[in-house]
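Student: The chain contents come next:
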Amino acid sequence: MNYIVGVDIGGTFTDCAVFDPARGSFTTAKAPTTPSNPAEGFFNALENAAAGLDLDSREFLARTRILVNATTTATNAIVTKRGARLGLLTTAGHGQSLFIMNGSGRSKGLGVDELLYMAGSEKPRPLVSREYIEEITERVDCKGEVVVRLDEAQARAAIERLVAKGIEALAICLLWSFQRPDHELTLKRIAASIAPHLFISCSCEVAPFLGEHGRTVATLFNAYVGPLMGRYIEGINNRARQGGLNSEVMFARCVGGCVPPDEVAAAPLYTIDSGPVSGVQGSSVLGPKMGYDNIITTDMGGTTFDVGIVYKGVPMTRNETILDRFEMRLPMIDVVSIGAGGGSIAYIDPASNTMKVGPRSAGAEPGPMCYGKGGEEPTVTDANVVLGIINPDYFLGGQRRLDVLAARRGIERLAGALGLSLENTAAGICRIVDSRMAGEIRRLTLFRGYDPRDFVVFAFGGGGPTHAAMYARELGVKKVAIPLANAAAAWSALGTFVGGMVHLYERNLYLREPLDVGALNAAYAAMERQAIERLRGQGFDASSIVLERTIAIKYCAQVSHLEITVPNGHLSPADALRLIDDFQTVYTQRYGEGAGYRQAGVEVLRLRLKAVGVLPQVELSRRAAPKRQSAPKVKSRRRVYWWEIEQYADTPIFEGTLMRAGHQISGPAIIELPHTTVPVRPEQSAEVDRFGNLLINV
Amino acid sequence: MEEQATHSIHPSAQREMQALDPRVWDGFTLSYAPREKLNISPKLRLHTESAAHIDPIAFEVIRNALWILNEEHADTIRKVGASPVASFANDLNTSIQTETGEAVMFAPYVQYFAGVADLVVQWTLENRSENPGIEEGDVFFQNDPLVGVSHQMDVQTFAPVFIDGALFCWVFNSVHVRDIGGTEPSSFCVEARDIYGEATPIPPIKIAERGRLRADVEQMIRRHSRIPGLLALDLRSQLAGVHAATSRARELVARYGAATVKGAMRKIIDDASAAVSRRLRRIPDGTWREVTYLGALSRGDRRAHRVVMSMTKTGDQLVFSNEGTEPQFGSANCSFGAWRAAIANSMSALLAWDHRYCTGGVLKHASFCPVPGTINCIDRSGAVSNLLGIMSSVAMSATVLSKMLSCDEELRINQMAVKASSAWTGMSGIDQWGQPYATVSLDEIASGGGAFSFKDGIDQGGTYTIPRSEAGDCEVWEQASPILYLFRRYSLGFGHGQYRGGRGIVLGWVGRGTNSQYLSAASIPLSLPGANGLWGGHCGQAGFFMSAVNCGIARSLAQGRLPASVEQLREIVRLEPVPPKSVGVPLLSDDVWVMDIGSAGGYGDPIKRDPQAVLEDIRDGLRLEQAWAIYGVVLDGDRVDTAKTVERREQIRRQRIARAAAPPQPIQAPALNGGEKLLLRMGAELKVVEIGGRAYIACADCGHYLCEAAGNYKLGCGRIDGSLAELDDTLYGDAGEELDDTMVYRSYICPGCGVLLENELARSDEPPLWDVRLNLG
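Read top to bottom, the protein sequences are chains A and B. Using our numbering, the final residue of the first sequence is 714, and nothing's skipped along the way. Using our numbering, the final residue of the second sequence is 810, and nothing's skipped along the way.
For reference, chain A alone in the conformation it holds in the complex (with noise of 0.2 angstroms):
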């Protein structure tokens, strides 16, 4: 047997998918993340995993064929300001870039009531401060050409002084690297030379796009996070083979896909993220197999609901991520995080004497007021005990009882000073945060383009398909998919695995009409020779390596560049004129007619190569469809509120795992699963249809 495994540590919980290829069938298990050590935790949720599947823990790993990570190791090292000692070298005279921040330090990363409020902001706490920032003298300028070349000595004192103070880590980034490394490759070279163990991270290997300042921040968090995510993956590699795993444990990244251990150790920062990414990686893999082209993707978890947005069966992806405040340079796929889950807090604004939820959690501790755990502020969670939509007896599959009263409690507190009754109190605290994360979807789709109409919402992690229903409702989408049912709690998990390895290339490559097709197709051929090369080092034969090009281009007066697909192979002039037309066709597919002014010509900003080394595939195996509907058994019924006919009704309540391909509901209902809760809403219904999901027609 070969098992697939994909293990996803979040904030609350470390989530195991396992795919065995041999039935086509997925388990699940779950066990408390562990902050200190996440390594426990991990290993905890293979043994859960183990136990599932009638395993002991060893005879697991050595039957696991692929095991890998998506890890906020990186991400927590940088928020908690953990990390390494620093040291940075710029270009002289860019010293202080990293503190100027492009003139939009104070307000990045903000919400909009922060940023309004002058007073009550500042700029981001820098990682590394100004002693530890040596200029280099040398130059080169945006076409590659040497304007100043490289002092070496003057370079050499400097990285001996910065040695002299103890860092850690290096961090090299110089203007324009990504067009000529060479540069900062001497840097690394004498740096290593001086401090052979110490972590070196140089832009034009990390993160070689244009801007400077973006390109300096993912730089320096790599080197920052650099020591100490070399440390987790050499632990956690060494007990999985001490454990029986016959491979590497292999590690997720926000491009997508994963890549070994050696590979993420050197780039660690494309760890961040990557359990939200792995979330919309699986649905962009396993939607079209379900036949869903285009999906919203949306994990609502304890403290964040996390959106993704899949077209055409192509995850959404974006060049800049702010983390901590600050913004860098780091193609990654579309993951839009709020402050909006099931422990966000309600509360009354003073203000204007409504009710705000979100965006601060009582996290995971002490939790919302119904876990019973010192609690004191009512949450969405305890909102949905209140209303009878969570069974309190089977949160976690019964593994935690919640406090009922401890609810009502903190709600009634709310209901009080609004003057309404505690139910509508507790559907307003719902329908606020829906109404939260409708709007984000919105800001995803509309704002690019696209209409959530035309999509299906697949609502993932615990808290997704509890209110999926309702924020897509407001979106006009008609379908909500719970992919997997139980499963789909621990989907980002599963799409650790589903993505292949992952390498991707970035060039950038300024040109204008004409396109000058010999630089395109030089361009190309030489990412695509370093692609296939490090593939190849890694096992994949030509037959498992699937190249995909893209190419960034914009109408040179406007300001939107749209990144479009460029065929395989070399490229003639007629094929570079397509191009052209491909672009102005989604273009207006996007903006409108008449939004492009074609008189301007267009030009090229960058070209990309994505490279794949495909990994077994998951087949789902699918239920022939059933001759007829039917519906399921009633486990139990229960009160429960629905704002909608602003009533109680006494509801039938199901049971999720004996759901079968075919089964059908009519709302109101409720369909309990181990790891998540789905109401089915008054004037909605739910089916199974022959992969196990979960539907809902909205």
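Since the hints were derived computationally from the structure, they do not count as laboratory data. Please note that the accuracy of each hint is not assured.
[Said to hold, decoys possible] Below, in silico cross-link-like pairs of lysine-lysine (DSS-like), each with a Cα-Cα straight-line distance of 25 angstroms or less:
#, chain 1, residue 1, chain 2, residue 2
1, B, Lys677, B, Lys641
2, A, Lys328, B, Lys112
3, B, Lys488, A, Lys124
4, B, Lys112, A, Lys124
5, A, Lys570, B, Lys641
Given the structure is predicted, the values throughout are model-derived calculations rather than measurements.
Position chain B relative to chain A; hints supplied.
Tutor: For chain B alone, kept in the frame of chain A given last:
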């Protein structure tokens, strides 16, 4: 039909103006200023029904939805538009307004667009509802400063949203376009003597009628521009934005009902108004005044033009006046609407920060007494393209409001000093890719924020005028234009104070890969920085330019010598100052251009600054002699010598007292029968106390009594008449060289202890500014 409008002209001012001519504030003869009742054609049905009580849940949901719809409006414009100024610097804004124009919500972009949007809608209601009529599917275009726009480049498009045949609300946007005509490319007409030398203003006209773009109107607008194709794109992006916002507003109404949505809009405004009212009522009544001097209003202008703002607070109402402001001059004036908008911007930021700057609510607490024909209230001929009038009005209103807020313990933390007006570089020529190009550098966006009453101003922190904006990377600019940044660093100075002003940036460029590139400079005189400090904090610095042509920099670079700062550059080349309004300065591979965008003002007496913070400043470039002279900080090696610092600071106090002229109106120390009761703290080092039933303003540091509470505390102070150049002769320029007027920098000193209470930059013939006149009742 008459509808209630936002109070705009103060009733007393209206009476005065009516005595002159009842019809002049019509947006044609003078700026538009609506009276209390709007005159709207009965042909137009307004939707006025609004739910008085909205369930708090529905309110929060609708509020979120309105915010998102307004953001979508802005986002649509940024995506499709052609203007990099709009897309990168966010020089745009969008709003939702009630049926009579009151502003409900603005996006977090240029905020002084907010205080004109209501005027523009109200003008349109009054002037277009009868002929040609306002109907469903119409979209209006306008860029007339008299109706209400900052300058002609900020073109506005706006549309009524109809529900069941009644005008429900308006969606509105303003976008800064690259060129809309006038004598200069990009429409900043430095040389214009009046508005007829600038882009022709166009009052509200339908660019779309019943859902169809009017080709004739669009062509007429495009005909104004040197780049009609790009202007057309910007217009289309604006129309697309209006369309998106309109559709979304209709969906919202369909979902929640018109009365509920309207009720939510009113509640948003009312909540903001209630917050402003509550805050104003905490503060004693009084009048606060500010005077600033503007220079270089046109090329070669050597005068210091006085601009005045006074603000009188009674209860929860503020009345603003510009009386005393000098006549309009050059192209840096503004209309009444823009002046009001500048004030609304500062009020929103300082009084309604937690209500998303809802100007509809804020403006319920402001009225205005404008004197027309002045720098900040033009008559119909005034030129406005260079914006200084509005920028200085933002700064002056922030100062009077901050001084007022200093009187309340809860609100005093919101005080904020101001930054200098802009320094901009325009660039044009042939780029390194062989194409003609023209653009404006956005480095100015990285300006420093003013000092607060409890912390330093934020370096490159920007302002509340554009809360979200970005200067861009050096690499991005080097790819887009034929320049190379030798350095980009902290600006050379900052406004000194107990809490210092935020720094901007200074940059050095050489030309790269071009045979033809010319720069133009727009700045103000160094000796009139306008970035006044607060309560003894000193002025920030104005931005400035230096240049060196055929200077040998190319050879230095080739030899491996890279000047990485202004000081290092000076070792290689001789930098010449560039006058504030200059055009045609070349920048090729052997030329250098330096731009320092200036910095913001400080707060409080510099000798009260934490010596450790001064040590940090020294590490960032403050000169040792400044640390000694201005801050009284003495170092021992690389540490602060605490004992000597204390001693030096005492010495500074003694020297100030010795140097200061005696107070012109000292008062007798009142007899302390029954003791002194603290009424309030004011400023950094002032307090108002009551003794035996009378109130006095006294020095908080030593208790010295300066004047009775209703008096001018400055007349009880010692006064030092100095110059800004004494603080720093390079960064504040030489007023004698720049100006024909004689300027004096006055410092007001407590005669008891020598603490610095306030500074003012004045023309030497002006009396001391009575900046605070309390009315304790």
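Student: Taking the hints in turn, state whether each one holds.
Tutor: Hint check:
1. A C-alpha spacing of about 15 angstroms is found between Lys677 (chain B) and Lys641 (chain B), which places the hinted pair at or below 25 angstroms, so the restraint holds.
2. This hinted pair checks out: Lys328 (chain A) and Lys112 (chain B) have alpha carbons roughly 22 angstroms apart, not beyond 25 angstroms.
3. Only pairs whose Cα atoms come within 25 angstroms are accepted, and Lys488 (chain B) paired with Lys124 (chain A) is accepted, the gap being roughly 20 angstroms.
4. Taking the CA atoms of Lys112 (chain B) and Lys124 (chain A), the gap is near 19 angstroms; set against the 25 angstroms cutoff, the hint holds.
5. Using a Cα cut-off of 25 angstroms, the hinted pair Lys570 (chain A) and Lys641 (chain B) is violated, with the two alpha carbons roughly 54 angstroms apart.
Violated hints amount to a single one, hint 5; each of the other numbered hints is respected by the structure.
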